[in-house]
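Protein sequences appear in the order of chains A and B. For reference, each letter of the first sequence is one residue, going 10 to 476 in my numbering. For reference, each letter of the second sequence is one residue, going 55 to 332 in my numbering.
Misleading hints may appear alongside valid ones.
Capping the alpha-carbon separation at 27 Å, the derived lysine-lysine pairs in DSSO-like fashion look like this [as the list claims (entries may be wrong)]:
{"id": "1", "chain 1": "A", "residue 1": "276", "chain 2": "A", "residue 2": "198"}
{"id": "2", "chain 1": "A", "residue 1": "216", "chain 2": "B", "residue 2": "110"}
{"id": "3", "chain 1": "B", "residue 1": "110", "chain 2": "A", "residue 2": "414"}
{"id": "4", "chain 1": "A", "residue 1": "273", "chain 2": "B", "residue 2": "318"}
{"id": "5", "chain 1": "A", "residue 1": "289", "chain 2": "A", "residue 2": "209"}
{"id": "6", "chain 1": "B", "residue 1": "154", "chain 2": "A", "residue 2": "209"}
{"id": "7", "chain 1": "A", "residue 1": "404", "chain 2": "B", "residue 2": "287"}
{"id": "8", "chain 1": "A", "residue 1": "198", "chain 2": "A", "residue 2": "149"}
{"id": "9", "chain 1": "B", "residue 1": "318", "chain 2": "A", "residue 2": "286"}
{"id": "10", "chain 1": "A", "residue 1": "66", "chain 2": "A", "residue 2": "142"}
{"id": "11", "chain 1": "A", "residue 1": "209", "chain 2": "A", "residue 2": "198"}
{"id": "12", "chain 1": "A", "residue 1": "404", "chain 2": "B", "residue 2": "318"}
{"id": "13", "chain 1": "A", "residue 1": "216", "chain 2": "B", "residue 2": "145"}
{"id": "14", "chain 1": "A", "residue 1": "288", "chain 2": "B", "residue 2": "318"}
{"id": "15", "chain 1": "B", "residue 1": "81", "chain 2": "A", "residue 2": "150"}
{"id": "16", "chain 1": "A", "residue 1": "286", "chain 2": "B", "residue 2": "95"}
{"id": "17", "chain 1": "B", "residue 1": "61", "chain 2": "A", "residue 2": "359"}
{"id": "18", "chain 1": "B", "residue 1": "287", "chain 2": "B", "residue 2": "247"}
{"id": "19", "chain 1": "B", "residue 1": "331", "chain 2": "A", "residue 2": "273"}
{"id": "20", "chain 1": "A", "residue 1": "173", "chain 2": "A", "residue 2": "117"}
Read the hints as simulated data drawn from the structure, not as lab findings.
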Amino acid sequence: MKVGDRVPVPEQSPEERIKNFNEVALGYTAELAMEEARRCLRCPRPFCVEGCPVHIKIPEFIKLIAEGDFVGAYKKIMEDDLLPAITGRVCPQEEQCEGKCVLTKIGKPINIGKLERFVADYVRENNLEEIPKVPEWNGKKVAIIGSGPTGLTAAGDLVRMGYKVTIFEALHELGGVLIYGIPEFRLPKAVVRYEIDKLKQMGVEFKTNVVVGKTVTIDELLEEYDAVYIGTGAGTPNLLRIPGINLNNIYSANEFLTRVNLMKAFKFPEYDTPVKKGKKAAIIGGGNVAMDAARTALRLGYEVIVLYRRTYEYMTAREEEIIHAIDEGVKFEFLVSPIEFLGDENGNVKGVKLIRNELGEPDASGRRRPVPIPGSEFVVEADLVVIAIGQKPNKILYQELPDLKVNRWGGIIVDERQRTSMRGVFAGGDAVRGEATVILAMGDGREAAKAIDEYIRTGKWPEQVCS
Amino acid sequence: MFRIVRKETLSEKIKLIEIEAPLIARKAKAGQFVILRLHEKGERIPLTLHKWDPEKGTITLVFQEVGKTTTELGTYEAGDVLADVVGPLGKPTEIERYGKVIVVGGGVGVAIAYAVAKAMKKAGNHVTSIIGFRSKDLVMLEDDMREVSHELIVCTDDGSYGRKGFVTEALKDLLDERRYDLVFAVGPVIMMKFVSKITAEHGVKTIVSLNPIMVDGTGMCGACRVTVGGEVKFACVDGPDFDGHQVDYDELMRRLSMYVEEEKLALERYLRNREVKA
Numbered sequence: 010m011k012v013g014d015r016v017p018v019p020e021q022s023p024e025e026r027i028k029n030f031n032e033v034a035l036g037y038t039a040e041l042a043m044e045e046a047r048r049c050l051r052c053p054r055p056f057c058v059e060g061c062p063v064h065i066k067i068p069e070f071i072k073l074i075a076e077g078d079f080v081g082a083y084k085k086i087m088e089d090d091l092l093p094a095i096t097g098r099v100c101p102q103e104e105q106c107e108g109k110c111v112l113t114k115i116g117k118p119i120n121i122g123k124l125e126r127f128v129a130d131y132v133r134e135n136n137l138e139e140i141p142k143v144p145e146w147n148g149k150k151v152a153i154i155g156s157g158p159t160g161l162t163a164a165g166d167l168v169r170m171g172y173k174v175t176i177f178e179a180l181h182e183l184g185g186v187l188i189y190g191i192p193e194f195r196l197p198k199a200v201v202r203y204e205i206d207k208l209k210q211m212g213v214e215f216k217t218n219v220v221v222g223k224t225v226t227i228d229e230l231l232e233e234y235d236a237v238y239i240g241t242g243a244g245t246p247n248l249l250r251i252p253g254i255n256l257n258n259i260y261s262a263n264e265f266l267t268r269v270n271l272m273k274a275f276k277f278p279e280y281d282t283p284v285k286k287g288k289k290a291a292i293i294g295g296g297n298v299a300m301d302a303a304r305t306a307l308r309l310g311y312e313v314i315v316l317y318r319r320t321y322e323y324m325t326a327r328e329e330e331i332i333h334a335i336d337e338g339v340k341f342e343f344l345v346s347p348i349e350f351l352g353d354e355n356g357n358v359k360g361v362k363l364i365r366n367e368l369g370e371p372d373a374s375g376r377r378r379p380v381p382i383p384g385s386e387f388v389v390e391a392d393l394v395v396i397a398i399g400q401k402p403n404k405i406l407y408q409e410l411p412d413l414k415v416n417r418w419g420g421i422i423v424d425e426r427q428r429t430s431m432r433g434v435f436a437g438g439d440a441v442r443g444e445a446t447v448i449l450a451m452g453d454g455r456e457a458a459k460a461i462d463e464y465i466r467t468g469k470w471p472e473q474v475c476s
Numbered sequence: 055m056f057r058i059v060r061k062e063t064l065s066e067k068i069k070l071i072e073i074e075a076p077l078i079a080r081k082a083k084a085g086q087f088v089i090l091r092l093h094e095k096g097e098r099i100p101l102t103l104h105k106w107d108p109e110k111g112t113i114t115l116v117f118q119e120v121g122k123t124t125t126e127l128g129t130y131e132a133g134d135v136l137a138d139v140v141g142p143l144g145k146p147t148e149i150e151r152y153g154k155v156i157v158v159g160g161g162v163g164v165a166i167a168y169a170v171a172k173a174m175k176k177a178g179n180h181v182t183s184i185i186g187f188r189s190k191d192l193v194m195l196e197d198d199m200r201e202v203s204h205e206l207i208v209c210t211d212d213g214s215y216g217r218k219g220f221v222t223e224a225l226k227d228l229l230d231e232r233r234y235d236l237v238f239a240v241g242p243v244i245m246m247k248f249v250s251k252i253t254a255e256h257g258v259k260t261i262v263s264l265n266p267i268m269v270d271g272t273g274m275c276g277a278c279r280v281t282v283g284g285e286v287k288f289a290c291v292d293g294p295d296f297d298g299h300q301v302d303y304d305e306l307m308r309r310l311s312m313y314v315e316e317e318k319l320a321l322e323r324y325l326r327n328r329e330v331k332a
């Protein structure tokens, strides 16, 4: 093997895996992990660490793996990242740590994500983790709204500082997007449950079936708790404003994935929640959620085509997921935009009318704007459509909360310490950022925990957080 | 833990359950709903609130056994526990002092009409309620409705009890006779459609309470989307009440039938398994 070659990661074969919902990447064995770890050049100034949003000490943990000290490696990661089994699986490493690895100059970067995942899995599967000791209660209480990655991270930090922490979750299951959104084949639910159980053992209290804003208000929480952290994510789907959007069997990606992941519709009728089963699925979008929806539809037995308005290079999905989708047989149509959904006499969708695009001038995001080509309309047949063109923060929390400042698209406005316009109320993750990543949400949770601690200890709150 | 403390059978397929849910009972308002899940393998279904008692910490729901989940729920008795109940969800009905109000309820919808009539009466409105059923043996909540209405008209389709005919006919007679300030209607979609048609002809503001398919009930999925005034709305967070004159009822009916085959399959399978067990 050449220096530039990665140690391959064992995976379920595409033929096998499209028939099940089990995890695709099986992960490194101890031997393979050590072999991959030995490729690390241990740069004196490691760019990978700069590329990591939470600055995990990457060369240090990789060195420990190379030496066979997997528990040591795990502890090293945990200094900066409380959920490595999750981030090892869902971070866009090619844009972060791995994208900066010097080995990219001669070949493939170190497989940092898979090494991170390996140590976390190794520790979990072999029961080697010691539950961190929690100090005596300092008499203060923090409420966290939402049990997704940002809330879990903040809870983990706060409980270790001596706070009593309660997480409120609207759904019946804990984990937020990690449970309802990301499919089992990419992030096994057992991994998420393990992390939640760990927090429970550390004394974090969880309350499901509580919709803050409806069941209780933030004002009520502020009476009982010393601070509140909002980590409610970006749960409201964007839909296309084109004719036929309400035809039957057109789902938002949220609905489609929630039915299958959270409600286990793939096991209908053993489980009560159904999901439509048909022949041809059209997935609209080019991000991770679109790939998740496409590969989920494939596993339900659909022939799948992804419709994306720009080109392959502009897709925002993780590279690994795009490759997995291609290997599994998902087809792609690039440079197309839907202009109408076509229905049959019963109001069920039967096709998507598209127009072809060419790339024009760059837009605000720096990406070249898709420009429709007149007269290029054509129809793709589909009896299932999933719209995966993004989500925005859910407004249910602050429908009746005029004091909480939000921006034009509903994102909560915070300062550099995650403080909102309401005294004692902090926010982070997708509720602030719109659609970002699990690792950034975790970073916000960690920053918020520090800021909450400081606020509760000093009582200091800036006069005006955000103008 | 959401324990059922009381269960009643109101008519052949319509049952009432009172559930311990103190947080919901404390916040509930007329027109709001809850989402419940029976057990680990259950689906999430929305049910609009009939009654609630903040002191006792209970909520009361009325449901009709139609599909698998409601049929199974019909077998739950006092002492049994539901896995999940979340709420109160949706916007409450806009209760104001309108003046003269007509509340129309059809079938199981009468349970919701009760909550709205009660709140309307309390707000100082003169409330005339019209409730309709297919026949005498399906009539329910008549005494409750009488208590919260100044006038009550009970209709049966076949004339076996009360006034013969549909609620829409009784409504038309009232509107022909004098001016009313508001009509609230809840029941089968087709009923709400025709109520709205009549009230539009009379130029009376109309609120309807819609019952689309939902999953999370908090604005996350869009399963419940309806077209109102040409715009896509999520009934769970923008409703469930909407301007009756703006709703696309035909689309709503179509979307409600989206899983007809799956519902049939699930119900048959459930009934078969229940037989085998028994």
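**Asked** If you check each hint against the structure, which ones fail?
**Response** Checked against the structure, the hints that fail are numbers 3, 5, 6, 8, 12, 17 and 20, while the rest are satisfied.
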